[in-house]
Amino acid sequence: MVAVKNGMKRVVIEPVTRVEGHGKVTILLDENNKIHQTRLHIVEFRGFERFIQGRPYWEVPVLVQRLCGICPVSHHLAAAKAMDLIVGVDKLTPTAEKMRRLMHYGQTLQSHALHFFHLCSPDLLFGFDADVAIRNVIGVAAKHPDLAVQGVMMRKYGQEIIKATAGKKIHGTGAIPGGINKNLSIEERDFFLKDLDQMIEWARGALKIAKDYTVENLEVAKEFANFPSSHVSLIREDGAMDLYHGGLRAIDADGKAIFDHVDYQKYHEYIAEEVRPWSYMKFPFIKSIGPEDGWYRVGPLARVNACDFIDTPEAEAARKEFMAVTDNKPNPLSLGYHWSRMIELLHSVEKIKELLGDKDLQGTDLVVRGERRGEAVGLIEAPRGTLFHHYKEDENDQVTMANLIV
Amino acid sequence: MSILDIDERILKLVELIEFHKSPINDIKKFSERCAIGLIEGGCCNDENVHVLRDFRKNCDILISVGDCATMGGIPALRNNIPLQECLEEAYINGPTVYNPSGKIPDDEEVPLLLNKVYPCHEVVKIDYHLPGCPPPADTIWEALVALLTDKPVALPYELIKYD
Chain Y
1 MVAVKNGMKR
11 VVIEPVTRVE
21 GHGKVTILLD
31 ENNKIHQTRL
41 HIVEFRGFER
51 FIQGRPYWEV
61 PVLVQRLCGI
71 CPVSHHLAAA
81 KAMDLIVGVD
91 KLTPTAEKMR
101 RLMHYGQTLQ
111 SHALHFFHLC
121 SPDLLFGFDA
131 DVAIRNVIGV
141 AAKHPDLAVQ
151 GVMMRKYGQE
161 IIKATAGKKI
171 HGTGAIPGGI
181 NKNLSIEERD
191 FFLKDLDQMI
201 EWARGALKIA
211 KDYTVENLEV
221 AKEFANFPSS
231 HVSLIREDGA
241 MDLYHGGLRA
251 IDADGKAIFD
261 HVDYQKYHEY
271 IAEEVRPWSY
281 MKFPFIKSIG
291 PEDGWYRVGP
301 LARVNACDFI
311 DTPEAEAARK
321 EFMAVTDNKP
331 NPLSLGYHWS
341 RMIELLHSVE
351 KIKELLGDKD
361 LQGTDLVVRG
371 ERRGEAVGLI
381 EAPRGTLFHH
391 YKEDENDQVT
401 MANLIV
Chain C
1 MSILDIDERI
11 LKLVELIEFH
21 KSPINDIKKF
31 SERCAIGLIE
41 GGCCNDENVH
51 VLRDFRKNCD
61 ILISVGDCAT
71 MGGIPALRNN
81 IPLQECLEEA
91 YINGPTVYNP
101 SGKIPDDEEV
111 PLLLNKVYPC
121 HEVVKIDYHL
131 PGCPPPADTI
141 WEALVALLTD
151 KPVALPYELI
161 KYD
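Residue numbers (the working numbering), protein chains in the order written: chain Y, 1 to 406; chain C, 1 to 163.
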């Protein structure tokens with residue numbers, strides 16, 4: 001749609017489709033058809049920060065996961081991690097922590113499969129300018145039925161893992177303050193072991209598609225949304241990628257640390273969010289750099305760029321290949337997201353394999369309790385980036401403050 | 001999103017139907033009449049109302065899918081609180097907010113928020129309601145299959161029970 005605004009031509013893309021969430025893009029062109037301004041407007045406002053005030057803390061992990069339909073598990077777990085601290089628990093039982101991790105890797109698998117196969121693959125397989133009638137997952141199913149089946153079945157496997165750990169495929173209840181409400185039965189474990197090798201093989205295949213696409217179209221990738229940036233991610237103590245827990249790391253465009261291994265209870269000393277009038281989404285930035293230049297990338301690309309290594313062999317080999325493209329400097333190509341996302345997809349399946357072989361999942365020690373606290377922060381690496389959940393509770397167990405950078 | 005949990009049955013479904021305007025393809029506007037419209041989410045801003053009316057105009061049968069569409073759901077928790085308070089909490093009072101101008105987003109490019117969150121049937125006529133947060137994939141599947149095969153939508157208890 002083209003109209004005139006402030007003497008300039010206004011092009012609008014509305015709604016933005018094949019993405020998670022709701023948005024629109026506006027582009028203003030001057031009289032020479034030069035782009036004057038481009039904006040992504042996030043058009044939804046819901047007000048969770050205010051309306052969960054007064055709710056009891058144990059409701060929060062179940063309630064706030066309704067922030068998202070694709071990655072509810074991330075919000076469920078980020079809130080549960082904060083509520084662990086609220087009930088005075090610094091360390092979960094091995095069974096609880098591993099069940100939650102299994103839930104999280106199941107989710108990363110399903111979300112990454114959905115993102116790659118259902119949403120993005122039409123662009124990669126048919127081209128950005130392909131006919132709208134075929135540029136979608138149904139078009140992929142018609143032209144590449146095997147691939148479509150793989151995408152659907154990998155997503156299903158991840159969703160089944162979520163169901164087995166959280167009780168339900170979308171908006172489950174598994175994580176509770178201080179632990180988890182079930183373990184994984186032998187039958188459930190065996191159900192997942194049955195198809196595991198198939199998942200690993202398909203994940204390898206998906207990684208290959210994403211890698212080959214990027215390498216073959218490197219010139220396009222360098223022209224398309226190639227820009228340097230800072231990157232933010234949680235990181236394990238030894239520098240490994242860890243999607244569930246760690247300290248905060250930020251690196252600049254050259255890979256140098258801006259801050260590292262930050263205890264995220266102090267996140268507000270490092271990160272702030274700017275309000276701009278034209279979007280309901282706020283704009284997070286690294287405080288030491290400032291609102292103008294402090295913005296940063298998150299998600300698969302940022303995590304692969306920021307970590308020192310990945311602790312599963314196949315994903316680590318893939319990470320080395322990925323980093324070699326940019327001589328081990330942070331990769332600035334937005335199209336590199338696909339490749340890095342599929343590295344994480346394979347990593348998630350490898351992690352699921354590791355966990356399914358762990359007898360702790362059949363443990364019965366599920367919940368611990370400590371001394372009640374009034375305030376806590378929970379962070380997690382959601383499929384598309386770092387989530388910050390910060391809550392205060394009063395002596396009646398009711399939420400009095402919630403801050404969500406999500 | 002729950003509809004995708006019909007998993008491989010989606011490949012069967014597309015043999016029977018054609019997706020028109022939807023989040024999984026890039027069709028942005030109705031260009032032909034549709035037999036069935038699925039609506040998820042309630043109405044929290046003027047744009048939602050516009051889209052919902054557009055669906056009513058272009059679809060023979062309109063289905064509210066999920067608790068947000070059928071009764072406002074979790075977002076309707078804000079209905080007990082003045083909208084201004086919700087906005088101030090998010091854009092002014094939050095501990096990490098940086099907002100030197102003290103303004104709340106009000107650009108003409110962002111939709112105008114409604115005072116309350118409204119379920120779809122308070123805005124247009126809705127033909128069927130599928131409750132749940134989300135409704136299980138089987139519920140959506142059974143309803144679609146019934147409508148596509150001209151049978152009454154009769155869902156067993158297991159498919160419409162709640163958490």
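Heads up, a few of these hints could be off.
Stated by the list, open to error - Derived pair list, reagent style DSSO-like, types lysine-lysine, alpha-carbon separation capped at 27 Å:
| id | chain 1 | residue 1 | chain 2 | residue 2 |
| --- | --- | --- | --- | --- |
| 1 | C | 161 | Y | 182 |
| 2 | C | 29 | Y | 5 |
| 3 | C | 161 | Y | 143 |
| 4 | Y | 5 | C | 103 |
| 5 | C | 161 | Y | 168 |
| 6 | Y | 9 | C | 28 |
| 7 | C | 103 | Y | 287 |
| 8 | C | 28 | Y | 143 |
Everything labelled a hint here was simulated from the structure, so no lab data went into it. Every value quoted in this text rests on a predicted model; they were computed, and no experiment measured them.
For each hint, the structure was consulted:
{"no.": "1", "hint": "161/C / 182/Y", "verdict": "holds, 21 Å"}
{"no.": "2", "hint": "29/C / 5/Y", "verdict": "holds, 22 Å"}
{"no.": "3", "hint": "161/C / 143/Y", "verdict": "violated, 38 Å"}
{"no.": "4", "hint": "5/Y / 103/C", "verdict": "holds, 23 Å"}
{"no.": "5", "hint": "161/C / 168/Y", "verdict": "holds, 13 Å"}
{"no.": "6", "hint": "9/Y / 28/C", "verdict": "holds, 20 Å"}
{"no.": "7", "hint": "103/C / 287/Y", "verdict": "holds, 20 Å"}
{"no.": "8", "hint": "28/C / 143/Y", "verdict": "holds, 23 Å"}
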